[in-house]
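Visitor: Can you build the whole structure from these sequences, using the hints too?
Chains as they are written, first to last, in my numbering: chain A, 23 to 594; chain B, 23 to 594; chain C, 377 to 666; chain D, 377 to 666.
Derived by calculation from the structure, the hints in this document are not laboratory data. Each hint should be verified, as a subset may be incorrect.
EDC-like cross-link-like pairs, simulated, lysine to aspartate or glutamate; straight-line CA separation at most 20 Å [stated by the list, open to error]: (1) C/Lys622 / D/Asp612; (2) D/Lys621 / C/Asp612; (3) B/Lys535 / B/Glu479; (4) C/Lys507 / B/Glu68; (5) D/Lys387 / A/Glu34; (6) A/Lys579 / A/Asp26; (7) D/Lys621 / D/Asp530; (8) D/Lys622 / C/Asp530; (9) C/Lys622 / D/Glu536; (10) C/Lys621 / D/Asp612; (11) D/Lys553 / D/Asp530; (12) D/Lys387 / A/Glu68; (13) D/Lys568 / D/Glu641; (14) C/Lys413 / C/Glu402; (15) C/Lys651 / C/Glu593; (16) B/Lys190 / B/Glu110; (17) A/Lys535 / A/Asp512; (18) C/Lys622 / C/Asp566; (19) A/Lys397 / C/Asp658; (20) A/Lys579 / B/Glu463; (21) C/Lys568 / D/Asp530; (22) C/Lys621 / D/Glu536; (23) B/Lys470 / B/Asp536; (24) A/Lys572 / A/Glu68; (25) C/Lys507 / B/Glu34; (26) D/Lys651 / C/Asp612; (27) D/Lys507 / D/Asp518; (28) B/Lys587 / A/Asp530; (29) B/Lys579 / A/Glu463; (30) D/Lys622 / C/Glu536; (31) B/Lys190 / B/Asp238; (32) B/Lys397 / D/Asp658.
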Amino acid sequence: MGADLVVRFAGEGGQGQVTAAEGLAQAAARVGYHVQTFATYPSQIEGGPVWAQTRVSTNEILTQGDQLDVLVALNRQAYETHIPDLREGGVLIYNSRDFDEVPEGNVIGLDAEGLARETGNPRAANVIMIGAVAQLASMPQQLFVDWIESRFRRGRPNDQEVIDGNVKALDVGIDAAIRSGYGVEALDEPPVIAETRILVNGNSFLSMGAIAAGLDVFFGYPISPATTILVFMETALNQPGQFVGQASSEIESIAAIVGGGFAGRKAMTSTAGPGLSLMGEGLGLAWMAEIPLVVVDVQRGGPATGLPTKTEQSDLFKCLSPGHGDVRLPVIAPGSVAECFPAAIYAMNWAERYQGPVMLLTEMAIAERNEDVTKPDPTSFPIESRLVSEGADGNRRYAGRELTPFPIPGTVGASYVANASEHDEQGDTTHQPQVHIDQTERRFSKLKLLEVGSTYESENTSASIAMLPWGGSKGPARAAYNTLRAQGLDLGWYYTMFIHPMPPALLDELRSKDLVIVPELNYLGQLSSVLRSWGVNAHSINQYTGLPFKEGLLVTKTQEMIEAKSGRLVRA
Amino acid sequence: MGADLVVRFAGEGGQGQVTAAEGLAQAAARVGYHVQTFATYPSQIEGGPVWAQTRVSTNEILTQGDQLDVLVALNRQAYETHIPDLREGGVLIYNSRDFDEVPEGNVIGLDAEGLARETGNPRAANVIMIGAVAQLASMPQQLFVDWIESRFRRGRPNDQEVIDGNVKALDVGIDAAIRSGYGVEALDEPPVIAETRILVNGNSFLSMGAIAAGLDVFFGYPISPATTILVFMETALNQPGQFVGQASSEIESIAAIVGGGFAGRKAMTSTAGPGLSLMGEGLGLAWMAEIPLVVVDVQRGGPATGLPTKTEQSDLFKCLSPGHGDVRLPVIAPGSVAECFPAAIYAMNWAERYQGPVMLLTEMAIAERNEDVTKPDPTSFPIESRLVSEGADGNRRYAGRELTPFPIPGTVGASYVANASEHDEQGDTTHQPQVHIDQTERRFSKLKLLEVGSTYESENTSASIAMLPWGGSKGPARAAYNTLRAQGLDLGWYYTMFIHPMPPALLDELRSKDLVIVPELNYLGQLSSVLRSWGVNAHSINQYTGLPFKEGLLVTKTQEMIEAKSGRLVRA
Amino acid sequence: MSKRNPEYDFKWCPGCGDFGVVRAVELALAERVNRLKEPIENTALIAGIGCSGNLVHLQEGPQPFGFHGIHGRALAIAYGVKASRPDLNVLAVGGDGDMLSIGAEHIGPQAKRNVDMTVVIMDNGIYGLTKGQASPTTSFGDITPTTPYGKLEDALRPLELYMALGVSFIASGLSSKPRELAAMITQAMDHKGFSIVHVQSPCTTYNDTYAALKGDEANGIEPLAVDIQSGHDPADANAALALVKKPGIPIGIIYQLANSVPMHERLEEARDRLKVRSRTVDQMLTALEI
Amino acid sequence: MSKRNPEYDFKWCPGCGDFGVVRAVELALAERVNRLKEPIENTALIAGIGCSGNLVHLQEGPQPFGFHGIHGRALAIAYGVKASRPDLNVLAVGGDGDMLSIGAEHIGPQAKRNVDMTVVIMDNGIYGLTKGQASPTTSFGDITPTTPYGKLEDALRPLELYMALGVSFIASGLSSKPRELAAMITQAMDHKGFSIVHVQSPCTTYNDTYAALKGDEANGIEPLAVDIQSGHDPADANAALALVKKPGIPIGIIYQLANSVPMHERLEEARDRLKVRSRTVDQMLTALEI
Ligand SMILES: Cc1ncc(C[n+]2csc(CCOP(=O)(O)OP(=O)(O)O)c2C)c(N)n1
Ligand SMILES: Cc1ncc(C[n+]2csc(CCOP(=O)(O)OP(=O)(O)O)c2C)c(N)n1
Ligand code: SF4
Ligand code: SF4
Ligand SMILES: [Mg+2]
Ligand SMILES: [Mg+2]
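Guide: Structure representation (structure tokens):
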């Protein structure tokens, strides 16, 4: 019996890999296992190399899994690409149509398409594969029958027929696995979890968080991997007074949410790198005119058009300094699907609290993967709304160096000019040196408000060397950390989703370390670079493959870095 | 006798301050003095507070001058604003129309407009003021008669009449000063300078440098303080094969120069902060597709629309990381008008040498001020042009991790796809992890080529504390440095216009210092922050007033910082 | 001018057409406040960047809410304001460079959505604030600092563009006639949908077109600006198109779509028709329970 | 497909209209190479981002120089290429989202300059690559992931827009007729000035309009696409305008300005006429000598 099962379905786009991986996850989650999926595919609608992976576990899942227990290779190229990841003793299920000879090892050859056609349902090839996988891992057939039922019961006349066909396909797969005689370690009993769980991906969970925080209006332009947030909002945000608009470009999106924020609404957009690059001027405008709003950046591979469907953490510099001039935006970066919901609430609250733009920085690997998480109680999160001007002295909008009440259009006596040129307290343009000093300091002093209530994780804080991952590298980093600690390494652990402003106590702790190791998915070592500018001796473990970290690699790289500690680590 | 004369003309827009200051400078330069002007005005066409200043000196001029020998106040408000800058013993010339009582001190009241009308040339009020100033500083009348001659001799029938009127006005001013009995220290004899000198502003000199480097095409959208480069190019770049276009926006500008660079031409645009913020995506494209081009950013006050006609050094973060993803652009920042010419040549050469985008970062205070500089010999600068593909293997454009020959459209056998998505060696899109690794490293490795031949200034290198200014803060920093050294302070001096990549030897020296003091005109301490991330213990002296540093302030702040050296200096 | 800040330091040049436009906006807003008994604070005035955009700071008397943002984006910001707050009266103002060059992309989308707002475009055929460069409406052949050999690009014909994009209300006015202009702005604000009032507002410093607009009948110089004849029916799209295709600049109400349905009414109608029911976050979460 | 990279992994869906467009581009370029004895490397093919833009990688046979940049900017890049190198044949390709939504601002300026290049717009009335959201040409009322209650924005009428912007050559084609389309592209490339070939190129996955375009005469369903009658004179702007204002989509050459003078010829003419003499840098410097 084992704690873990990692299965990968790999082939050409259109062969149902993603459905298979999600089906496996849904079925396993239903009986109480923890699950996590991951999929990667090229930027096109049909075809191209696609693979999807599911990890099922009795423990909390930190990574998608370095090594495969079962590899389902739907064509030869997939076999060649992925076979190195199959662990010793693992089982390969391959599409026998595409192979002239039988590969070595524990292998099950299946002509899935042919068999599917025989069941009368040519599209059920991936269900056959699921059946074989389920059998290999000794998972009960009923689980998957239930999943088929829930997936295909849609109130159409031929539902039963489709369901029966798929169950037949399932059984074909199960039979084939039985006949092969192979198996992988059976899973332990699922854990008993008291809380209600949901299975959700990062973008949906983030969207729900924003709505829970009171989101009123949303404008967005389609772009992978952020489009699903726009699409989610289209049907979710439709109460009277709410509005969702597909913008004509990201330049319109950012300008429109600036308009929404100015109008007194809680406003958001979502985009990815290329769109973010177009929002630089608009974000500067929001900073300067003090307009609350949230921009979600779902990172993909950069720069430029880059790798639209791959994951990376290379937009941090851009989020902190999106435009020219003295601007440093607040940035919150969730580290897992589970954190997306609270992160969105924090981001919305921050925008309202300091009356300015906030970056919610996430990434493809979190956005699209499904995870089981505890169902949150939306009412348990404090929701903040901006301090509002009553009108009496509304047009001293920009008075002083502290937060002032926000004048909402329509409020009698509160009119002012929201101004992106340097301005006096009522928003009239002026270029007097003292005014620029005062207003610059006003804009930065408001960031202090965001230091209240933000938290961080820490562990083994007495160690002089610490690991500090950010965003989606949290899970793999934690897995590596656990391994290294188990090996006896004296390593500290720190983590926060609050990148800027960073909790001051955390920053103080980090400054006291000899070395802070930052695993991040970029070339430049963006967070470590920023941390060094903040006085922390931080250095990165970099990866820029378009894929998430593997635990094993982080273990090795961390060991190497600690050994090289005395060397020159700065990358200019 | 003295080395220096500092005169300020202050009033309302339209009163001829800039002409007066420039006239004084031209006349003084003609007889061999060093001169520097500075003007500041609001973002509007008529009216508003405007002042212009001229410094005349027998020595090389480092700053516009902290204290005034003569203040010409054309209205009451100007008097009130600027009188604190008049040094003890200095002379105030004021517009008596606007004053009810006579101000204290050495004052000359002149109804310049009334007197001008009497001379028959109502627009000559500023020439009267010049006359008074000249007399105060004991400068020969003939100097200004020559200047008037050269300025108003335009081949029109009434030239002589206009010239006579202005000479009359000049004499009125001279008489008034003589009658007053006041004077300021007379200037020493001008120095004898062997080289030919020219009087030029930063934007013109930069433009000429770019043309000397072989600029073919230029596209730009008007924006202060960069517009004058576009306007310069419109009439300067008109040989067959050259092209200048007013773009419909900065998004079009950047895209068009990307097109120009791709087409095999040397291409440039110029803009200021708001335009730069719109170019983030296009600059990422140029980085990714490896297109040589130069973007001039003439910094003004930021963020957003900010302070369009004021000076600041707050776009450095944005220049280094203009867009999303792993991008770090080369940045060259000239430190004076004199450096604008070579800086433009270096920027053009760099773009060609590493085949990618280069930022030429300057600022309003350099762009618009006039300085006397040695006339350069354009043929004495080595001009570089990209390595060109002969066609034989042109479509392995992106092969390997080193520079490859650039295929010029039209070359038979050299076709490829210039691609801003991740791509293989011939430019076809691919998202394979290894390709992204290789191409990312290729893009960064090319930056190494720019470390060749770049230089820096250094002085008193044994000191453990050093000053490292950048851009237009070089002059005031040098003035302060000289004063501090004269006071016996053991302070090192470093300066380079090559901000990124910084000369490696310089970076090594800086890393060895206990403290590197970076005077910069921004709030965030942008260069010191970057230097800290590069392992240098750098800290900034910040100013964000829209105006250049004064020497005196830098002296004080440097002393304070050295005293506080042990304190916490990092600004997060 | 914001009442509490008489020192606000921006000034237009003497004779600048924008003086007439700000007067017209003041008149139209005052009339609206009076007629609808709606506070002026219910109006959001979103300005572009240019001499023209400074109108937002130069209004005399009671002040609407103002927004002075970045160059070219007034319409996109105004769209966000109106989508968020259909109860507000949204007015956007800007220059020909702002609205027809860098901001040109924002007209079509608002027209297609028929966002219920009014745009006043101050066309002086030049970039005023940046000192006289050519704009899209600068005439072919004109010499400016950026067109030293004469402008080599054809001039844009804005009224034709608005027609092609389906702008549902189009008027053309003169800054020199602030009362007439005010009446047009009033009508545009009353129109349910996206309305443009395109104003000839000469730049006395860089492109003084007063004389050309007015003509000199005595000396046989035809005026560029021609009043639309009283028989014109703005509801007739073909007649409107014919009008804008003629040489010269027609002055008056050019086009008004009958039964125009603005964006927020379209949305309401669709939500009602489809009986769209919104779910609470808790309901969304519950649907995902394992 | 670049000849040395058969593994290039982008694929269009079966039946995608873009297959016909790439074929037409190949044919037109081959014909040009043949007729003008000009190497194919003299053509620069500038692509937008979208399924359509991938055309630049999917050409079979001899390859022109290609550029695959960023979303919406193909025309602006192409402008830079042509301005820099009037000797190149410049062809830009992209989708309806690319060219008419995010990139909409770039059509007017190139039209006004009359930049001598050809644009092929693959209009499928949808955002293909991002999985089926509404584009400016998606019909009013259509349900897509971003218009769950039906599209509430009016559809853009691109041909009318091109006419209003003064595009000097306008053709409208069908991806299902690659030879006819190739002939249009040839004519557009031969035209001296800014030319647009607007192609109906259905998206079989998200917006399959093949049937609607073709109609079903037997069952009384009028085709959306209607061949232009042979009597039409493309030099007649009024006739062209009338054509594009009719319901349905006219197929054929809609408009061609007679005696069109492209940007680079305008510039040359002005430089010659004014006898513009360029100064060396040394001369510029000397003029500033003190
Ligand atoms: C992104 C950006 N680009 C350029 C500018 C500089 N700029 C300010 S106003 C203006 C154009 C002014 O022309 P117009 O819109 O016609 O207004 P006018 O001054 O003529 O009223 C420009 C280019 C800017 N502020 N922002
Ligand atoms: C700045 C930016 N925004 C958004 C995207 C995402 N994106 C890629 S293609 C596309 C639209 C595709 O539609 P269309 O242009 O009609 O081309 P099609 O795929 O239909 O051929 C979008 C929005 C992007 N790449 N860059
Ligand atoms: S420059 Fe022209 S538009 Fe600007 S204020 Fe002066 S007259 Fe008016
Ligand atoms: S999604 Fe549509 S446009 Fe894209 S390849 Fe498939 S059919 Fe063609
Ligand atoms: Mg204008
Ligand atoms: Mg499309």
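Visitor: Between the alpha carbons of D/Lys568 and D/Glu641, is the straight-line distance 20 Å or under?
Guide: Given that 20 Å is the threshold and the Cα spacing comes to 10 Å, the pair holds.
Visitor: Is the Cα-Cα distance between C/Lys651 and C/Glu593 20 Å or less?
Guide: 62 Å, violated
Visitor: Has the given pair, D/Lys387 with A/Glu34, been kept, meaning a C-alpha gap of at most 20 Å?
Guide: 11 Å, holds
Visitor: Please work out if D/Lys651 and C/Asp612 have their alpha carbons no farther apart than 20 Å.
Guide: Since the Cα atoms of D/Lys651 and C/Asp612 sit roughly 50 Å apart, the hinted pair is violated (cutoff 20 Å).
Visitor: Are the Cα positions of B/Lys190 and B/Glu110 separated by 20 Å at most?
Guide: Violated. B/Lys190 to B/Glu110 sits at ~31 Å, over the 20 Å cutoff.
Visitor: What's the verdict on D/Lys507 and D/Asp518, does the C-alpha distance respect the 20 Å limit or exceed it?
Guide: The hint holds at about 15 Å.
Visitor: Can you confirm whether the C-alpha distance between D/Lys622 and C/Glu536 stays at or below 20 Å?
Guide: Judged against 20 Å, a Cα distance of about 17 Å means the pair holds.
Visitor: Hinted pair, alpha-carbon criterion (20 Å max): C/Lys507, B/Glu34. Please report holds or violated.
Guide: 18 Å, holds
Visitor: Regarding the pair A/Lys579 and A/Asp26, is the alpha-carbon distance no greater than 20 Å?
Guide: 24 Å, violated
Visitor: Run the distance test for B/Lys397 versus D/Asp658: straight-line Cα separation, threshold 20 Å.
Guide: Distance ~9 Å between B/Lys397 and D/Asp658 Cα, so the pair holds.
Visitor: Holds or violated: A/Lys397 with C/Asp658, Cα cutoff 20 Å?
Guide: 9 Å, holds
Visitor: Just to be careful, I want the Cα atoms of B/Lys535 and B/Glu479 compared with a cutoff of 20 Å; is the pair within it?
Guide: Judged against 20 Å, a Cα distance of about 16 Å means the pair holds.
The earlier numbered hints that this structure contradicts are 6, 8, 11, 15, 16, 18, 23, 24, 26 and 31.
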